[in-house]
Amino acid sequence: MATSQISDSIRGRISYDGTRTPVKTGLFLVVCLAWIIPGLVGHDPWKGDEAIAFGIVSEILRLNDWSLLQIAGEPYPGKAPLFFWVAAALGKLLQSWIPLHDAARLAAGLFMSGTLACISFAAFELMGERAMRIGVLLFIGCVGLLIRAHEMSSDLAGLTGIALGLYGLALSIRRPKLAGMMLGAGAGVAFLGDGFLPLAMLTVTAIALPLAAPAYRTRAYGITASIALLCALPLLALWPALLVANPKADLAGWLARATTSRWSGDEADRTGLQDTVYFVKILPWYAWPAWPLAAWSLWRARKNLAERRDLQMPFVAFLVFLVLVSLFGEAREINALPLLLPLSLLGVAEIDTLKRGAASALDWFGVTTFFLLGAMIWIAWIAMLTGSPEAVAVLGQQQVPGFKYPFRFLPFAFAALLSLVWLVVVARSLRTTRRALVNWAAGITMVWMLVMTLGVPAIDHARSYRGVGQSLAEKLPTGYLCAIGVNVGDGQRALLNRYAGIFFQRAEGQYANVCKARIVQASPDRVPPAEPGWTELWRGSRPGDKTELFVLYGREKK
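Going by full-length UniProt numbering, the first residue of the sequence shown is number 1, and it counts up by one from there.
A couple of the hints might just be wrong.
Capping the alpha-carbon separation at 35 Å, the derived lysine-lysine pairs in DSBU-like fashion look like this [to be verified]:
no., residue 1, residue 2
1, 92, 557
2, 92, 248
3, 557, 475
4, 47, 355
5, 281, 303
6, 92, 404
7, 79, 475
8, 475, 248
9, 355, 92
10, 47, 79
11, 355, 404
12, 475, 404
If you anchor each label on the Cβ, the simulated ranges turn out as follows [to be verified]:
no., residue 1, residue 2, range
13, 557, 276, 30 to 40 Å
14, 93, 475, 50 to 60 Å
15, 42, 529, 38 to 48 Å
16, 557, 42, 40 to 50 Å
17, 233, 361, 41 to 51 Å
18, 467, 394, 15 to 25 Å
19, 475, 408, 28 to 38 Å
20, 537, 237, 18 to 28 Å
21, 360, 147, 25 to 35 Å
22, 536, 260, 34 to 44 Å
23, 299, 129, 23 to 33 Å
24, 276, 143, 19 to 29 Å
25, 27, 408, 19 to 29 Å
What the hints contain is simulated information worked out from the structure, not anything from laboratory work. We put the CB at the ideal spot given by N, CA and C, even for glycine.
Make a model of the complete structure from these sequences and hints.
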């Protein structure tokens with residue numbers, strides 16, 4: 001009995017009321033699936049990390065070379081391979097049933113499912129059974145996670161590795177040997193998923209933890225660390241070994257690119273210092289609502305933090321992650337994803353002690369925000385479909401010129417049912433401090449599903465490169481073999497290769513002289529004059545895109 005009481009006190013302060021039922025567990029899983037699945041299929045790859053990832057996946061399948069990462073015929077060093085391997089395997093397995101890009105994007109769903117599972121297990125180890133669901137709901141409710149979690153990106157594999165490693169750290173006191181395997185596997189997955197930065201986050205956290213938290217200065221933790229090192233080493237050696245074994249690959253080039261940070265280059269000092277505070281500046285909206293709940297937990301524990309093992313590991317992890325990503329991470333939103341993991345675990349600890357007024361304010365803000373966003377989506381959909389309200393319809397046509405919205409019954413029925421269910425859940429939920437968090441997670445899920453059912457046709461029309469690529473392909477010169485790319489971004493190269501079949505060569509490349517086409521990417525108001533010996537054949541852009549224009553030139557015959 002005494003042992004049980006000690007175990008319960010170690011796990012944290014969340015009150016367990018014994019209300020877990022199969023129905024509630026089932027509903028929780030439904031919410032998670034409703035958050036994960038929409039957006040994984042049903043649209044073309046979009047510009048950015050997703051386009052780059054899809055370009056790499058396409059080349060893996062085209063060449064059947066799983067250790068050579070490239071885009072449209074050109075090497076793309078610096079990336080870690082795990083996400084692309086999983087995406088390519090899914091593409092090869094499923095492309096007979098669904099488009100290749102949809103099949104590959106399912107890898108994002110697999111990795112996010114793994115991340116949610118690790119958060120749930122870590123919350124259980126630190127704070128008890130009821131924390132398992134709350135921790136996940138807090139994580140999926142974070143504003144900055146929503147879009148990135150549904151894109152093809154190697155960062156998601158790195159995130160899963162970090163989450164697995166945090167679970168290993170949380171487990172280390174109770175089951176040190178299994179914890180070591182989890183921590184080592186997490187470190188390996190983090191490295192294979194996204195390179196050195198996520199590996200450094202886990203490694204430094206594991207080293208700092210016993211220095212900062214007395215509960216981890218034990219022989220059991222030493223066992224965990226030793227086993228973790230043994231399990232991680234083979235995974236850490238796998239990718240460099242594959243690069244060495246492939247005569248077409250370049251290990252030195254990969255290392256140089258993978259270790260490049262914003263402190264590299266001619267303007268390193270200026271840009272490095274400027275970007276150091278980037279992640280602190282975006283956290284207020286990016287990590288909402290996890291960060292205020294995490295701050296409340298730390299405030300409540302300010303006098304006995306040294307005794308709160310449930311808070312020590314996530315707090316140390318958050319500080320380590322923030323310092324490392326601020327110093328070495330590129331100033332991009334997606335690099336802040338790891339910060340959401342420890343913040344979500346911290347936010348769970350004192351959720352039941354949150355003041356009723358604060359909980360009601362968060363609940364009111366969330367319900368109002370998502371009701372208004374949902375209403376705006378419905379009004380925009382009706383306007384695009386019927387032309388009324390006229391002002392909204394005109395605005396929509398300005399954003400996606402020439403787009404005629406198709407009515408599709410199944411997405412409409414699903415969106416209507418979802419909206420009704422959300423309204424009923426909000427109206428019938430009991431007044432507790434947890435209601436605010438549950439309503440927030442349900443609300444952000446509802447809005448995302450409305451966007452992915454009602455809004456995705458218009459968004460895909462505006463963001464897809466399918467039309468641009470097909471139009472450009474029709475104007476390629478006769479006998480075309482390759483194209484010289486000028487200022488063409490990595491994502492654009494990948495998608496033009498997908499939809500126009502274009503393989504690019506750099507202007508200084510050894511085969512550039514045989515290319516009969518030249519493609520320039522420029523701003524519409526700053527198109528450079530044609531180079532001598534080239535004639536303009538075509539120019540075009542995505543519908544409504546005012547920042548990006550492509551110009552196709554053909555080599556003049558001598």
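Right, here's what the structure says about each hint:
| no. | hint | result |
| --- | --- | --- |
| 1 | 92 with 557 | violated (42 Å) |
| 2 | 92 with 248 | holds (23 Å) |
| 3 | 557 with 475 | holds (17 Å) |
| 4 | 47 with 355 | violated (43 Å) |
| 5 | 281 with 303 | holds (28 Å) |
| 6 | 92 with 404 | holds (34 Å) |
| 7 | 79 with 475 | holds (33 Å) |
| 8 | 475 with 248 | holds (33 Å) |
| 9 | 355 with 92 | violated (52 Å) |
| 10 | 47 with 79 | holds (18 Å) |
| 11 | 355 with 404 | violated (49 Å) |
| 12 | 475 with 404 | holds (26 Å) |
| 13 | 557 with 276: 30 to 40 Å | violated (54 Å) |
| 14 | 93 with 475: 50 to 60 Å | violated (36 Å) |
| 15 | 42 with 529: 38 to 48 Å | holds (41 Å) |
| 16 | 557 with 42: 40 to 50 Å | holds (45 Å) |
| 17 | 233 with 361: 41 to 51 Å | holds (50 Å) |
| 18 | 467 with 394: 15 to 25 Å | holds (22 Å) |
| 19 | 475 with 408: 28 to 38 Å | holds (33 Å) |
| 20 | 537 with 237: 18 to 28 Å | violated (49 Å) |
| 21 | 360 with 147: 25 to 35 Å | holds (29 Å) |
| 22 | 536 with 260: 34 to 44 Å | holds (36 Å) |
| 23 | 299 with 129: 23 to 33 Å | holds (25 Å) |
| 24 | 276 with 143: 19 to 29 Å | holds (23 Å) |
| 25 | 27 with 408: 19 to 29 Å | holds (28 Å) |
Checked against the numbered hints given earlier, this structure breaks hints 1, 4, 9, 11, 13, 14, 20; the rest are met.
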